[in-house]
Amino acid sequence: MSVQTQIPAGAAMTRSASAGGPPIKMVARDVKVYYGAKQALKGINLEIQENRVMALIGPSGCGKSTFLRCLNRMNDTIENCRVEGLIALDGEDVYGKNIDAVQLRARVGMVFQKPNPFPKSIYDNIAYGPRIHGMATHRDEVDEIVTKSLERAGLWNEVKDRLREPGTGLSGGQQQRLCIARAIAVSPEVILMDEPCSALDPIATAHIEELIDELRENYTIVIVTHNMQQAARVSQKTAFFHLGDMVECDDTEEIFTNPRDERTQGYITGRYG
Amino acid sequence: MSVAASKSRYQSEEFAARLRRRYAAEQRFKLAGMLAVTLASIMLVVLLGSIVSKGYTAFLQTKMRLEVTIDPALAQERNYMAMLRQALYAQVPEITDRASRRSLNELLSSGAPYELEAMVSKNPSLIGTKQTVWVRADDEVDQFAKGAISRDVPESERRLNDIKIKAIDTLTAQGAISTGFNTTLFTAGDSREPEQAGIWGAIVGSFLTLVVTMLLSVPIGVAAAVYLEEFAPKNRWTDLIEVNINNLAAVPSIIFGLLGLAVFLGFFGLPRSAPVVGGLVMALMTLPVIIIASRVALKSVPPSIREAALGIGASPLQTVTHHVLPLALPGILTGTIIGMSRALGETAPLLMIGMVAFIVDIPGGFTDSATVLPVQIFMWADSPERAFTERTSAAIMVLLGFLILMNGLAVFLRKKFERRW
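Protein sequences appear in the order of chains G and W.
Per our numbering, the first sequence starts with residue 1, numbered consecutively.
Per our numbering, the second sequence starts with residue 1, numbered consecutively.
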């Protein structure tokens with residue numbers, strides 16, 4: 001696949017702007033999303049750096065999940081949803097002709113708020129993606145991918161003896177790690193996480209947070225969270241969303257210690273949200 | 001009211017009375033529910049009881065033992081009735097005059113010679129010998145033996161005259177009358193003579209019709225449901241289609257029959273009374289049921305499964321065929337079986353396309369003339385012979401048996417594959 005098509009003018013600008021740091025993996029330029037007549041996002045500009053964790057925070061209904069779902073075009077499945085503006089992956093417009101939604105979702109994986117393993121065996125949950133993408137044809141190849149993915153997701157030791165048991169029989173935290181393993185099994189470049197810990201207890205949450213930190217080495221991660229401590233712990237960059245606007249985006253430390261906008265300050269100090 | 005009083009509001013006398021009223025209301029509701037269930041159960045018991053008590057005798061058939069000499073000359077003429085009659089005359093020697101012997105002749109089923117003929121043609125060496133054979137008795141003898149015709153009624157009002165009763169008594173004394181399991185009922189096609197009539201033809205007709213119905217309505221219905229539920233945009237057109245499908249599900253079945261008559265028989269010129277046409281009509285009738293049931297089943301698959309599949313790059317069709325459809329399958333299957341059992345019990349549309357004809361032969365294919373079980377019941381219920389009354393009930397029992405089997409299977413499948421998320 002030819003990656004280097006024309007980078008739109010806006011995207012090129014950001015690249016030069018952040019020269020010196022890690023390369024930019026994804027770019028959003030003036031992204032507007034409408035659900036029917038209702039506008040959910042009012043022109044988002046954001047750069048997502050490679051091998052970094054970007055946290056999206058903000059009060060409920062501010063559009064952070066909507067934005068996340070634009071990055072792998074999951075919004076395509078929602079009736080009446082219209083996306084304007086530019087979103088680029090490696091300089092290529094994800095809504096353009098060169099990228100197909102199915103192909104994009106293989107490159108940009110997603111982990112959802114509620115753990116949603118397939119009602120199949122643990123093995124089949126992981127093996128499904130590689131199988132449909134033709135990544136592995138022989139049994140041993142599939143076995144290897146399954147093992148590696150589960151190891152990376154830190155679940156291998158817990159489930160290695162019961163790979164044939166249903167994935168739905170695991171605990172909530174294990175299910176969510178299974179979903180992460182499923183996402184990384186297809187070797188995506190970016191992993192989107194939509195409040196991955198909101199349904200989990202603190203111990204399971206700690207597990208996942210550790211995992212996110214490890215995954216950063218190989219993947220670019222964008223995580224939506226309501227938990228500010230979590231954002232502070234796992235991310236390097238944080239973007240604060242408010243009422244469909246991206247208010248500010250900076251290094252996580254900067255956002256939490258020295259926010260420029262008073263709305264950000266209000267939110268992180270717990271005055272509203 | 002003071003603050004202290006309001007604090008103890010849940011301990012006051014007034015509140016206790018209120019609580020009692022609430023419990024009383026609950027009790028009344030429970031009672032009403034139990035009453036309804038009891039009433040329904042009683043009605044069911046009465047219905048089944050009346051059918052079974054009327055019909056169980058149809059599973060038995062009275063036979064006569066005759067010492068038949070297989071006369072070569074008569075065998076040459078294939079006049080087996082004459083052989084049977086001679087045997088009967090010999091066994092009831094006290095009746096000699098012509099008029100009385102005519103009554104005697106009527107004790108034999110008109111199908112009895114065929115039984116004998118079949119026996120002889122299978123084994124020609126029997127010609128010229130004397131054989132003991134059991135042949136079916138006429139339905140009136142059968143009814144008399146089962147006690148449905150009483151000898152206390154005056155002769156003028158009785159179906160069997162005194163001569164016949166006397167002959168039966170003689171035969172009974174010889175041990176030549178006996179009642180056994182009625183295999184004819186399950187192996188024969190329809191007949192004007194009750195003792196020769198069976199439901200096998202109707203069962204085969206029903207089976208062939210249902211095969212056509214299933215082959216047409218299941219794939220089309222499921223595909224339509226999948227398209228409408230998973231792929232079609234939600235707009236005015238799909239709303240219109242949905243309203244029409246729901247409407248079709250409620251259209252009286254006879255109208256589908258009229259449609260079948262006009263289109264399949266009138267326009268396409270398909271054969272009348274054929275299971276293929278019956279199946280087509282039933283498929284039209286069952287389609288909306290299957291589509292609605294399948295859509296409900298698809299809808300009940302949580303969206304998170306679709307998101308999970310799409311999220312790792314499955315195409316929309318892969319998402320449906322690999323994940324959504326397998327999860328919806330138990331529901332679809334249940335809906336299909338219920339639709340099929342409805343089709344099995346359907347009569348009205350088949351009357352319109354000629355499946356109500358009197359058909360003796362067992363249908364051998366989809367284009368042969370045939371009838372179906374419920375229509376057979378309908379036709380037998382119309383017959384004046386007493387023996388058909390019990391056969392009607394017996395056929396109803398068989399039909400109910402099939403329906404219970406199918407609906408039981410539906411419940412079993414639902415219970416077995418039911419998933420919780």
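There's no promise every hint is true.
Derived lysine-lysine pairs resembling BS3-like cross-links, with alpha carbons at most 27 Å apart [as the list claims (entries may be wrong)]: (1) G/Lys38 - W/Lys299; (2) G/Lys120 - W/Lys299; (3) G/Lys160 - G/Lys97.
Pairwise CB distance ranges (calculated) [claimed, not checked]: (4) W/Pro233 - G/Gln265: 41 to 47 Å; (5) W/Pro252 - G/Arg139: 52 to 58 Å; (6) G/Arg139 - W/Lys416: 25 to 31 Å; (7) W/Ala250 - G/Asp201: 37 to 43 Å; (8) W/Pro233 - G/Lys38: 17 to 23 Å; (9) G/Arg139 - W/Leu400: 46 to 52 Å; (10) G/Leu243 - W/Leu35: 53 to 59 Å; (11) G/Asp161 - W/Phe231: 52 to 58 Å.
Think of the hints as simulated: they come from the structure by calculation, not from any bench.
Beta carbons are placed, not taken as given, at the ideal position from N, Cα and C, and that holds for glycine.
Verification of the supplied hints:
| no. | hint | result |
| --- | --- | --- |
| 1 | G/Lys38 - W/Lys299 | 26 Å, holds |
| 2 | G/Lys120 - W/Lys299 | 20 Å, holds |
| 3 | G/Lys160 - G/Lys97 | 42 Å, violated |
| 4 | W/Pro233 - G/Gln265: 41 to 47 Å | 44 Å, holds |
| 5 | W/Pro252 - G/Arg139: 52 to 58 Å | 57 Å, holds |
| 6 | G/Arg139 - W/Lys416: 25 to 31 Å | 30 Å, holds |
| 7 | W/Ala250 - G/Asp201: 37 to 43 Å | 50 Å, violated |
| 8 | W/Pro233 - G/Lys38: 17 to 23 Å | 19 Å, holds |
| 9 | G/Arg139 - W/Leu400: 46 to 52 Å | 51 Å, holds |
| 10 | G/Leu243 - W/Leu35: 53 to 59 Å | 58 Å, holds |
| 11 | G/Asp161 - W/Phe231: 52 to 58 Å | 41 Å, violated |
Hint compliance for this structure: hints 3, 7, 11 are not met, and every other hint is.
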